[in-house]
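Which chain is which? The protein sequence lines are G and Y, in order.
The first sequence begins at 865 in my numbering and counts up one residue at a time.
The second sequence begins at -18 in my numbering and counts up one residue at a time.
The set of hints was computed from the structure by calculation and includes no laboratory data.
Among these hints, one or two may not hold up.
[Unchecked claim] Distance ranges between label pairs, derived from CB positions: (1) G:Ser924 with Y:Pro348: 56 to 66 angstroms; (2) Y:Glu66 with G:Asn942: 32 to 42 angstroms; (3) Y:Tyr422 with G:Arg936: 17 to 27 angstroms; (4) Y:Pro348 with G:Leu990: 54 to 64 angstroms.
From a predicted model like this one, the values you see are computed outputs, not experimental measurements.
Note that CB positions come from ideal geometry on N, CA and C, so glycine has one too.
Letter by letter, the chains look like this.
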Amino acid sequence: MTDFTAGSVAVRTRPRDLSALIPYFFILPAVAIMLAGLVYPVIQAFYLSFYDWKIGTEFSGAPYVGFGHFIRMLGDENVWESIWVTIRFGFWTISIEMFLGVSLALLLEKPIRGASVFRTIFILPLMVSPVVVGLIWRYLFDARIGWINYYLVQVGLEPQVWLGDADLAFFAIVFTDIWQWTPFIFIIVIAGLQALPSEVLEASKIDGANWWQHILFVKLPMIRSILMIALLMRLIDVFRALEVMYILTGGGPGRSTELLSLHIYNRAFDTQQLGYASAISVLLIVIVTTLSLGILRMGNPMKDKSDI
Amino acid sequence: MTLKLVKRLALGAGAALLASAAFANPYAKYEGTTIVVSWPALAHFNAAETLVEEFTEETGIEVEIDALQYLKLRDRQILEMSKNEGDYDVVSWVVMWKGEYVSKGLLTPLSQFFTSGSLVDPQYDIDDIAGAYLENGGVVGGKKGYMPGASGALYGVPFGAETSILAYRKDVFEEHGIEVPATYDDLTAAMTKLHAAGIPALTSRGKTGHQVTAAWLFHLAPMGGKIFDDAWNPVVNSPEAVKAAEFMRHVAKTGPLGIETFGFGEASAAFLQGDAAMHLDTLKIAAMSRNPKLSKIDGNVGYALHPTGSRCGSETGGFALGIPQNAPNKEAAFLFIQYMTSKAGDQRMVELGGDPIRISTLKNNTPGNPEYPVVAEQLPCADPDWRPLIPEWNEINIDVLGQALTQVITTDDPIQPIMDEANEKLRAIMEREGYYTWASYRKSN
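The task is simple: from the sequences and hints, build the whole structure.
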């Protein structure tokens, strides 16, 4: 009797043990890639930020500076200026992109004539490589040979030095970013809208909701989690943005368009202060992580599905 | 009969000579070797590709060229040169990087090759290369570490080296009755007059960072200014330096639209496409203005000496060729450099539309190259201390002066405080790098 019970326990628990391991087995490759491709470089950047290393010299000869770079960073007005530029850039681009992307998606979700043509056209900027986007707009904004100035002169307006004036250059990078990234919001939102259950939408119509109420109180709340994901991805992108600004303005004139990522690049490669640039990168990681966690806390789309 | 004999003897002797020449071919040992050359994608170097093909044909040494935008060369080269074994056998650097390369131990001293009887061509005649070019591009050590002097050592040979001259539109000057400016006062007056007539006057680089600083340096030397005094104290807020900055503001106000965004390519394009009346920058503009792919103004360009201020002082810049310390094929690399910069190579470069580095080439090719007499006259004024080629220069150039001068040309803020602030930042960098250690040591003793 006792033997039988013990045997039955053993028979019952063995498959459960195995099945408990299977999920870990499946996520193992992803975790390994994350560790090698993400965690290791971050640890290296952190390590490098304690040394004053110059490219082309032996790392073993680089002087250890402790928290020197971090202390210098906290008092460096250029770092704070570039953070401020990034925040302003993020505010204008994300709010305008969200507004335009959602509006376009609401307009084009219905099966109107030629909707698929419009959709394809709207998505085109997203398919262009960032370097090409930078070049296209650099030539469009060019003061001497650019199209924009050409048409300004044609209609009798003064030509402008778009990329050589602090305010105009900032406008130019915001405008370019909106051109490039509005389609991203558009795609995500239109996918979300098309997946909405038709019963709810019909029910709201039967209950007498007008067009505005239909959008504001039914559709948008239902795609709230999708909007949150889109916002989060754009926010992280803003802090990662580099290629387009690098080609369009290089951060100039002065530091008026020098986003934090571009500031790090210029520190690391133009002036060869790799340790210091790594310290600023650590700050960038902290900012992005804080922002992401904050947004997830406000409205975690996965809240009901797991324990993230 | 006697004549026949003489002929036969002569033929035989000729054949013997040829045979021994083939036997003692200095290139034979390296036939089939492939060398990799890192150099900029600029007009002079594009033209040199034909000469590179001729080199391969003559010597059997294969050459692979890795051409990059010129300001991108440094990152790539430093990375390659700091590996245990690099891929580059020959590197071409902008002269401002030589101090950094040598201080990091990345280059091979050329004395290793110039002392080898089998490698050096006795007809090479290194003294024929313009002194200012050789010292500025290739010599490290000497006074201040980058100036000529007995303690200097040769690390590179100039190729695509340059000084500055004034290029102007003859037709525009004639039409508006403007004399060719000889001094900065004349130049300022000419700019004002052209601007008043609705013609963009002087094109210039002006993009934040290296470019705007380079533009200001063109005017700093002739106006009598410097970056440092003899004790490494920064003097970029001196009256001369401020005057040069004021001049830059005048350039931006009277020149073609968009100077604030111009690098060298954009600035020269404005002149070559007829959107500016003057170009005061490298002599490379002359060869470019004769190239129909680049220029709409061929035949209308005149050349004059770089205008003088309180003294004459033109740019010393451009490129030099050298050999990394980790180059796999150093001797073949030396033969390549020697071939490209030899008298025959220099002459060929002129024919291909490049710029010569030798005094004899300048003198022998005056017809068809109206700027050569001007360049020959300008060279004695080329200032080897035009900018301090110290390892810290890149940070000073891009991060401090490049920012301050952008503020000068894009705003109407008073200039003296901008330059005062830049001066303090320069002092902090020099302090950090230990340039004042000896001074404070002497003071304390």
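Would you list, in rising numerical order, the hints stated earlier that this structure does not obey? none
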